[in-house]
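Using the sequences provided together with the hints, build the complete structure.
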Amino acid sequence: MKTSRREVSTRLESTMKAPSPFARVAATRTLLLGFVRRELSNRYAGTLLGGLWAFGQPVLMLAIYAFVFRSVFKVQLPDGNASFVALVACALWPWMAFQEAVQGGTTAITNNAELVRKIFFPYELLVIAAVLANFALHFAGFLAVLLVLGLLGEPLHPGGLMVVALAWSVTLILALGFALITSALQVAIKDVAPALGPFFMLMFYATPVLYPLSLVPEAIRPWMELNPLVHIVEPIRAALLDGAGASALSTLWPVAVGAAVVLVLARLLFRRLSAYFQDFL
Amino acid sequence: MDSLIRLEGVGKSFPQTSTTLGRLATLAALLRGRPLPSAFHALTAIDLEMRRGESLGLIGVNGAGKSTLLKTIAGIVRPTTGHITITGRVSALLELGAGFHPEYTGRQNVFLAAALMGLSDAEIRARLPDILAFADIGEHIDQPLKHYSSGMVVRLGFAVATCVEPDILITDEVLAVGDESFQRKCTAWMENYLTGGGALLLCSHSMYHIEKLCRRAVWIHEGRIHAEGEAGAVSREYLAWHEARMATTRAGHVAAASGMHAVKNLALNGDEHGTTVAMGSTLEISGAIFAPDARPPVVGIGLLKADGTSIYGLSSDMDAHVLQAADDPQRFTFALILPDLNLLPGRYEIRAHALDAEGYRVFDEVSCPLRVTGQSRELGVCQFPHYWRHH
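Those sequence lines, one after another, are chains R and L. Read in order, the letters of the first sequence correspond to residues 3 to 283 in our numbering. Read in order, the letters of the second sequence correspond to residues -9 to 381 in our numbering.
Note that these hints are calculated values from the structure, not bench results. Think of the CB as a built atom: it goes at the ideal place given N, C-alpha and C, for glycine as much as any other residue. Not one of these hints is a red herring.
Here are the simulated BS3-like cross-link-like pairs (lysine-lysine), alpha carbons at most 30 angstroms apart as the crow flies: (1) Lys136(L) / Lys120(R); (2) Lys202(L) / Lys175(L); (3) Lys202(L) / Lys120(R); (4) Lys192(R) / Lys120(R); (5) Lys175(L) / Lys136(L); (6) Lys120(R) / Lys175(L); (7) Lys202(L) / Lys295(L).
Listed next, the stretches of chain R that the computed footprint assigns to chain L, with coverage defined by at least 3 CB atoms under 8 angstroms from CB atoms of chain L: (8) 26 to 33; (9) 113 to 122; (10) 187 to 194; (11) 275 to 281.
Structure, rendered in structure tokens:
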């Protein structure tokens, strides 16, 4: 006798059954918020500066890049009136959020193996919480940096904030999708997490973070455009630095659709594998 | 019918995951939706049904598959074959304090642990006074959990579990922890829960708890249901089997070597082969317990008729008596004095059980014959103090 899929899903739902659908959503939200809070306080428990550390690292990176490229290499940006610092800042924070969210999400299940072994709950909440925590930190950092740049007289277009919000949402969906896949695979194969380090280092330079896409030679550009992050970073720049929000939206929506598809598929994969986490942990 | 849990032909085999290649093969099979390569059969063809208000005990030796069965019902483990149908809210307590974080205060931990059991913020807030009252740890609730004693952690864990009001409560060896007053509180809560129509699935090595709380019991052996029926009958059958197994093990002193608690010797008035005493005289039951963890074990002493009917039993922890280590730190001696032994003349048996330091796992049993002599025409097993009065 083989267990049918329908049979099992009935069972899982009944296990989490609460008095009403509303109560169930409320319970899930409570648990998710609890995990996010734990994620944040675990990371900065006992530190003096707390969440400021999440802000400090990209700021330091930005300072180093500014020094190397502006003061040492004396790089001249071709067009526009935006500074190198603003150009990099627009891309660095979404990038950091994406990278750290995926890396944090990847180990979310294995790091909580004790919990997963002992208690039944929607395990994806662990991954979602890790991703959300990283995004919350870096989004706050991003807004702070924009504020500072604005105060320093950088010509930013406030009208672009709509595009910024949308682009960050797409990044979040994409990160959730990736993290759900990598976290489930990490349970089975421990090599996933260490492989992400070199992967992200490569991706950092393959994504126009330190340079605008327009500087990339025409021949290579179509290849680079396969990277979904290109279509997130560039619209943010266009909207904030050039005030070209409307045209930025047109390049953003295909990525949004793609990210949503990735997330749906990732959840299917996660659901399939999570039923067998116990066999691996 | 009011069936809460129904298992039909449930089997679970764990795939090979101890080697990297095995994990890869398992993952590949999972991704392609193929049957998993099986390395170890944990459960085979389990049929089980639990109705509302029913209490079922699971017994069996370590590694028999009890925990896997509980986890399968709790939804943590996906069965390889068979059907599981569950109607109602399940609360699985596989470990008290699972999900607790040492850096958090008791209060913060209550919120996360209760959320893990499916309660929302508002529900937890509403039940917080009850939880705090049950745990009874006072102002410690706002201290980090790492400063708690293990007993306090357990109390808090059980207090959270009681607030969920499940239709089915699944527990694994969590009842018999904490101090005696808290144990009484837990047992009282359980009994109350059962009278209120709750269903209990209890996995325990303590036949005392199985018989006290469960009407039915299932004996799992090597992943299959070996026996099923009235709790007392199944647990007696299990104990008899366990005894026989331990007896063969004891012959080669494997029990001690394998690190199990064991009764090393038992003597009545200093004689290991048993003794004959006169009715009304003093009986000294002495011996030694081997405790692999070098913590003072609990010794249980039973007085039985020669046909096996029990007359009286007690254990050292009931009297808060702590066994002393002899020159060997793993060897603890005991001596129990029964002055004025009021047994009527006849043949009896004294049994000593080795229990772990918590006093909830019985590991070993040794018995010694006792003969009581004397002149009496009274009937029964023991003499009661009595006198007659003219009216």
